[in-house]
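Trainee: Protein chains in written order, with the numbering used here: chain A, 1 to 92; chain B, 1 to 92; chain C, 1 to 92; chain D, 1 to 92; chain E, 1 to 92; chain F, 1 to 92; chain G, 1 to 92; chain H, 1 to 92; chain I, 1 to 92; chain J, 1 to 92.
Do not take every clue at face value.
Unchecked claim - Each computed DSS-like pair below joins lysine-lysine, with the alpha-carbon atoms no more than 25 Å apart: (1) K76/E x K76/D; (2) K76/C x K76/B; (3) K76/A x K76/G; (4) K76/I x K76/F; (5) K76/H x K76/J.
Source of the hints: derived by calculation from the structure; they are not laboratory data.
Next come the chains, spelled out residue by residue.
10 protein chains.
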Amino acid sequence: MVTSVVLINVQRGQVNETAQRLLEIEGVAEVYSVTGEYDLVALLRFANYEHLAQVVPEQILSIPAITHTNTLMAFKCFSREDLQQAWDIGVE
Amino acid sequence: MVTSVVLINVQRGQVNETAQRLLEIEGVAEVYSVTGEYDLVALLRFANYEHLAQVVPEQILSIPAITHTNTLMAFKCFSREDLQQAWDIGVE
Amino acid sequence: MVTSVVLINVQRGQVNETAQRLLEIEGVAEVYSVTGEYDLVALLRFANYEHLAQVVPEQILSIPAITHTNTLMAFKCFSREDLQQAWDIGVE
Amino acid sequence: MVTSVVLINVQRGQVNETAQRLLEIEGVAEVYSVTGEYDLVALLRFANYEHLAQVVPEQILSIPAITHTNTLMAFKCFSREDLQQAWDIGVE
Amino acid sequence: MVTSVVLINVQRGQVNETAQRLLEIEGVAEVYSVTGEYDLVALLRFANYEHLAQVVPEQILSIPAITHTNTLMAFKCFSREDLQQAWDIGVE
Amino acid sequence: MVTSVVLINVQRGQVNETAQRLLEIEGVAEVYSVTGEYDLVALLRFANYEHLAQVVPEQILSIPAITHTNTLMAFKCFSREDLQQAWDIGVE
Amino acid sequence: MVTSVVLINVQRGQVNETAQRLLEIEGVAEVYSVTGEYDLVALLRFANYEHLAQVVPEQILSIPAITHTNTLMAFKCFSREDLQQAWDIGVE
Amino acid sequence: MVTSVVLINVQRGQVNETAQRLLEIEGVAEVYSVTGEYDLVALLRFANYEHLAQVVPEQILSIPAITHTNTLMAFKCFSREDLQQAWDIGVE
Amino acid sequence: MVTSVVLINVQRGQVNETAQRLLEIEGVAEVYSVTGEYDLVALLRFANYEHLAQVVPEQILSIPAITHTNTLMAFKCFSREDLQQAWDIGVE
Amino acid sequence: MVTSVVLINVQRGQVNETAQRLLEIEGVAEVYSVTGEYDLVALLRFANYEHLAQVVPEQILSIPAITHTNTLMAFKCFSREDLQQAWDIGVE
Numbered sequence: 001m002v003t004s005v006v007l008i009n010v011q012r013g014q015v016n017e018t019a020q021r022l023l024e025i026e027g028v029a030e031v032y033s034v035t036g037e038y039d040l041v042a043l044l045r046f047a048n049y050e051h052l053a054q055v056v057p058e059q060i061l062s063i064p065a066i067t068h069t070n071t072l073m074a075f076k077c078f079s080r081e082d083l084q085q086a087w088d089i090g091v092e
Numbered sequence: 001m002v003t004s005v006v007l008i009n010v011q012r013g014q015v016n017e018t019a020q021r022l023l024e025i026e027g028v029a030e031v032y033s034v035t036g037e038y039d040l041v042a043l044l045r046f047a048n049y050e051h052l053a054q055v056v057p058e059q060i061l062s063i064p065a066i067t068h069t070n071t072l073m074a075f076k077c078f079s080r081e082d083l084q085q086a087w088d089i090g091v092e
Numbered sequence: 001m002v003t004s005v006v007l008i009n010v011q012r013g014q015v016n017e018t019a020q021r022l023l024e025i026e027g028v029a030e031v032y033s034v035t036g037e038y039d040l041v042a043l044l045r046f047a048n049y050e051h052l053a054q055v056v057p058e059q060i061l062s063i064p065a066i067t068h069t070n071t072l073m074a075f076k077c078f079s080r081e082d083l084q085q086a087w088d089i090g091v092e
Numbered sequence: 001m002v003t004s005v006v007l008i009n010v011q012r013g014q015v016n017e018t019a020q021r022l023l024e025i026e027g028v029a030e031v032y033s034v035t036g037e038y039d040l041v042a043l044l045r046f047a048n049y050e051h052l053a054q055v056v057p058e059q060i061l062s063i064p065a066i067t068h069t070n071t072l073m074a075f076k077c078f079s080r081e082d083l084q085q086a087w088d089i090g091v092e
Numbered sequence: 001m002v003t004s005v006v007l008i009n010v011q012r013g014q015v016n017e018t019a020q021r022l023l024e025i026e027g028v029a030e031v032y033s034v035t036g037e038y039d040l041v042a043l044l045r046f047a048n049y050e051h052l053a054q055v056v057p058e059q060i061l062s063i064p065a066i067t068h069t070n071t072l073m074a075f076k077c078f079s080r081e082d083l084q085q086a087w088d089i090g091v092e
Numbered sequence: 001m002v003t004s005v006v007l008i009n010v011q012r013g014q015v016n017e018t019a020q021r022l023l024e025i026e027g028v029a030e031v032y033s034v035t036g037e038y039d040l041v042a043l044l045r046f047a048n049y050e051h052l053a054q055v056v057p058e059q060i061l062s063i064p065a066i067t068h069t070n071t072l073m074a075f076k077c078f079s080r081e082d083l084q085q086a087w088d089i090g091v092e
Numbered sequence: 001m002v003t004s005v006v007l008i009n010v011q012r013g014q015v016n017e018t019a020q021r022l023l024e025i026e027g028v029a030e031v032y033s034v035t036g037e038y039d040l041v042a043l044l045r046f047a048n049y050e051h052l053a054q055v056v057p058e059q060i061l062s063i064p065a066i067t068h069t070n071t072l073m074a075f076k077c078f079s080r081e082d083l084q085q086a087w088d089i090g091v092e
Numbered sequence: 001m002v003t004s005v006v007l008i009n010v011q012r013g014q015v016n017e018t019a020q021r022l023l024e025i026e027g028v029a030e031v032y033s034v035t036g037e038y039d040l041v042a043l044l045r046f047a048n049y050e051h052l053a054q055v056v057p058e059q060i061l062s063i064p065a066i067t068h069t070n071t072l073m074a075f076k077c078f079s080r081e082d083l084q085q086a087w088d089i090g091v092e
Numbered sequence: 001m002v003t004s005v006v007l008i009n010v011q012r013g014q015v016n017e018t019a020q021r022l023l024e025i026e027g028v029a030e031v032y033s034v035t036g037e038y039d040l041v042a043l044l045r046f047a048n049y050e051h052l053a054q055v056v057p058e059q060i061l062s063i064p065a066i067t068h069t070n071t072l073m074a075f076k077c078f079s080r081e082d083l084q085q086a087w088d089i090g091v092e
Numbered sequence: 001m002v003t004s005v006v007l008i009n010v011q012r013g014q015v016n017e018t019a020q021r022l023l024e025i026e027g028v029a030e031v032y033s034v035t036g037e038y039d040l041v042a043l044l045r046f047a048n049y050e051h052l053a054q055v056v057p058e059q060i061l062s063i064p065a066i067t068h069t070n071t072l073m074a075f076k077c078f079s080r081e082d083l084q085q086a087w088d089i090g091v092e
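Start from the sequences and build out the full structure, keeping to the hints where you can.
Mentor: As structure tokens, then:
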């Protein structure tokens, strides 16, 4: 599983429409409108990198209302389950 | 439900330890180590803003290894379910 | 009570009109035109975060003359009354 | 009445103490700890500019825990009362 | 006396005309065209802050050729006379 | 006459001392402590550029408390007298 | 094949040693010392993203002399061979 | 051999076409579309600097779809072969 | 002799024409087209500052193709001849 | 002939010493101390790029007092002689 957090700016007045359009794209799991320098944060989850490398430039970056993106690729996902296991085996 | 995306920088060599420590804090749902200008992205979910306003400065910003944070407050969470409903009732 | 300080830039010649328009929005308590990199500073006070999360993007960010906003969410409001209490009970 | 909004950064772990100390200074009306690039926002109100020009550099900028300040001087304070009057006399 | 140093950018080819126009405004004492990131530096002197707070936004910021301003408010004016006095009474 | 506006940052707590020291240097006409990103603004006036080119690096930039300077060289000084003359001879 | 271009800054005097050390890491194909804001550019090639996501944070970012990295993930590699094929089949 | 790494931004929707066009230019060895602040990374290899100094401004910077370039000139290319030799002769 | 190094940006495709036009201006000694954030570097040499202060804003900054300039005024020119003299008289 | 313009920052109080030291390096033709964000500007002229690529990192960037450099490689040197020829043959 390859995960990516995409920080997105859109044209004025296009926040809701762009969020909806992003959700229609395969691999886009969650979208948030947010305070601060970015307008939207999208969480992407793909089975492999090749799929992400095809979808992001062809389907996401090509949405006309999107004016800027900052794609953060996840090296690792830390979860409470891992944490629990760590505690179970005595790792601090 | 109040959601926040926190972009985090940590001291060199403290990425894994800080991610684990964040997960032990109530309200921290997911943590990712990422490429780019930030080291970690944390997703926070709280029942109300008052709870978040207490936990973020007192428990997150006070972790010594964290050198910089950028807290994005979510105005709205867009989900596939909403999208489905929109399609169902013929909204474009 | 959820408080927010919004730093705002507006189009040339729209400072006074935008300030007046902001004051008509529920939750906008005070507006100042200021020196420096921002044109206006607005103080927002809402009964809960959900209300703020609806009003800011839908009513404030949608004012056409506003070209840029930086929304600072208050974690805590420090007041002289708290200070007085602290002195009363001997806290330094 | 001269009003100023001061955006303040403080040393790690000094947010609460600095906020309390600011409130002890004459002219400091309100202090908020906030999300984003600044740690504190202080509202200052003085009877005249000469007073502010003495207090800000001598009492505020000299607090050791304060590492950076951005002082925004208010040109004008817009209030609901002004707005009400404007409506009353038919000004748009 | 309230003094302010205003760093100003103007549209291409409007440096001389804007400098002349600034000098016609009450309170504008000196204007310099300069090297570097700014085009003009204006020295403003007003009898009180209220006057400055009215003239700067209404008469200076409203000049169409001015594209950007950075208003520095003087806390204190240091002069050779003060210095002389300091030397006279033995202060170093 | 060669005029220069120098925007200056100094070490914490050294604003007043540095301003006094600057005034002792030949060619330094006025010094202001100011709000905003700079601490001091100095106006320099020299009979010729060679003198300025010697004094600025050797006497001003060498003051230990000065951490950063931005030297703006004046191309031209616009004065009310010039303006009066322009009006007198019918120039717009 | 997953390719990444990593822009790297190192401590003074550590350019050559860091370049050599990078080349010893599996997946690091080429390293260049360069003019400009970065010190080194490294080309990484891995069989899959999981491998890269393990090697970059654990083996590259952990080199003590490296002070800053900017990891650019390649979406697509354009080669002369593809170009030739495009010409062969008449695509412009 | 003179090598250069060129970081390139292109107009929206012109990534693939610009990459193809770059590959048609003599000296352009590889082109990658990438995540992050740049759109494309091009590796250039020329027999001498004079050739590069002619091709880059005349053939690369003149492509209309290219909006910004950052040309990093390689001082040195570090390769596994050099590394092997260093090990062979006992250099650390 | 007053020397200045001017870092210049020009409109797309205007590098060669602007360089030629700059050379026609009295006082412009050398012009280079360069890699990096600037397009041209011009070396200016004038007999006195007054001449430079007239030519730069009136003849250089007024070239329509020039979009941005950064004028660095030389305090001192260090030459091999000075160095030789220093060696000759035993100064290190 | 390969020409380079190097924009240099040095440690406080090291401007003159660093300028002298730069002039002792083969290929360094001229050095200027300047106003603005840089301390020194050095003009480098080498017979070929390989020589420059060896001298800049090994002899210039290694001077301890130098804290930052920005190396601009000249694509082309425009001279009055070229200009004269262009006029002679009727090129505009």
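Trainee: So, for every hint listed, does it hold in this structure?
Mentor: A quick look at each hint next to the structure:
Only pairs whose Cα atoms come within 25 Å are accepted, and K76/E paired with K76/D is accepted, the gap being roughly 23 Å. Note on K76/C and K76/B: the hinted pairing holds, with a Cα-Cα distance of about 23 Å set against a maximum of 25 Å. With a C-alpha separation of about 23 Å, the suggested pair K76/A and K76/G falls inside the 25 Å cut-off, and the hint holds. The hinted pair formed by K76/I and K76/F meets the criterion: a straight-line CA distance of about 23 Å does not exceed 25 Å.
At roughly 23 Å between alpha-carbon atoms, K76/H and K76/J fall within 25 Å of each other, so this suggested pair holds.
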